[in-house]
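> Sequence:
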Amino acid sequence: MIQYEYENRCPSFDSPRCTRVAQDKFTSMKIGAHVSAAGGIWNAPANAAKIGCETFQVFTRSPQGGPAPKLTEEVVDKFKAEMRKHKFTDFVIHTPYYINFASTTPRIRYGSISVVRDELERGTLLDATYVITHLGSTKDAGPKLGFHKTWRSIQRILDGYRGTTGLLLEITAGAGDLVGDTFEELAGLIKETESDDKFKGQVNICLDTCHMFAAGYDLRTKQNVDDAFDQFDEIVGLERLKWFHMNDSKGGLNDHKDRHEHIGQGQIGLEGFRAIVQHPRLRHVNAVVETPPDGKKLTDDIATLKKLRA
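Residue numbers (numbering that gives the first Met the number 0): 0 to 309.
Result set (PhoX-like, lysine-lysine): computed pairs, CA atoms no more than 25 Å apart in a straight line:
| no. | residue 1 | residue 2 |
| --- | --- | --- |
| 1 | Lys305 | Lys241 |
| 2 | Lys241 | Lys29 |
| 3 | Lys306 | Lys86 |
| 4 | Lys306 | Lys295 |
Hints listed in this document are in silico derivations from the structure and should not be mistaken for laboratory results.
Construct the complete structure from the given sequences, taking the supplied hints into account.
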């Protein structure tokens, strides 16, 4: 397994940068959480460090709407100084909740395209690893037209983009005609987006465990986990999986309810999460928890996943 990761990330086994330290880093899942950036984006690294994060996720603008705070040179420098201070080497950005690429309302669709492209540019300024986005609903457009509008929107976002932050499409729970609740649909979006060679390799995936479970992918046992990710590998390709949202599920299997629960307290359970964090083919994929930040429970979720990883 180590050799497999080594070969895929290094130009040659003799490369000076392909050290054992780098190799271990790439094959050990980092665990963190979504954290607040209240008061300024530069506060996020300290907030993450306080609860034991090894990586983290953040909003760079209000998830409900409104203009994004400006990323001046001073703000960017302050954020990067905090990243160094707390020894973080990567983090991800989540886009606002109102994104809808499948909307038949031009203001909503083109506004979504503009915001996600802007988040990629902001991510590049901050050295974010990825921007993770939901895709929207086909309720008004219908499945066929909505799917078409979605992948065309992704192309518009990436057209001319030269930044360093990657784009990840997040699997959904499937409620309300949401786009992207099956492996097949995610694979289709990648295929259509990359039908133009200039977008090759630019679209990858974030899997949310609660969303997967709610969409019908059982994760409750080691065998379930093995089967689910074998299926993902066959349909999408594990090389496309770049990030995890680790959330237990209040709802049941295939009920299409996006209701996050604390790790081990929902319908997936500890056995399923142990199988995921210890899976030899998933160790290179980092993860953040998105459970409610009530009291000490979020910190406990991070600690629980670390123990399961060990």
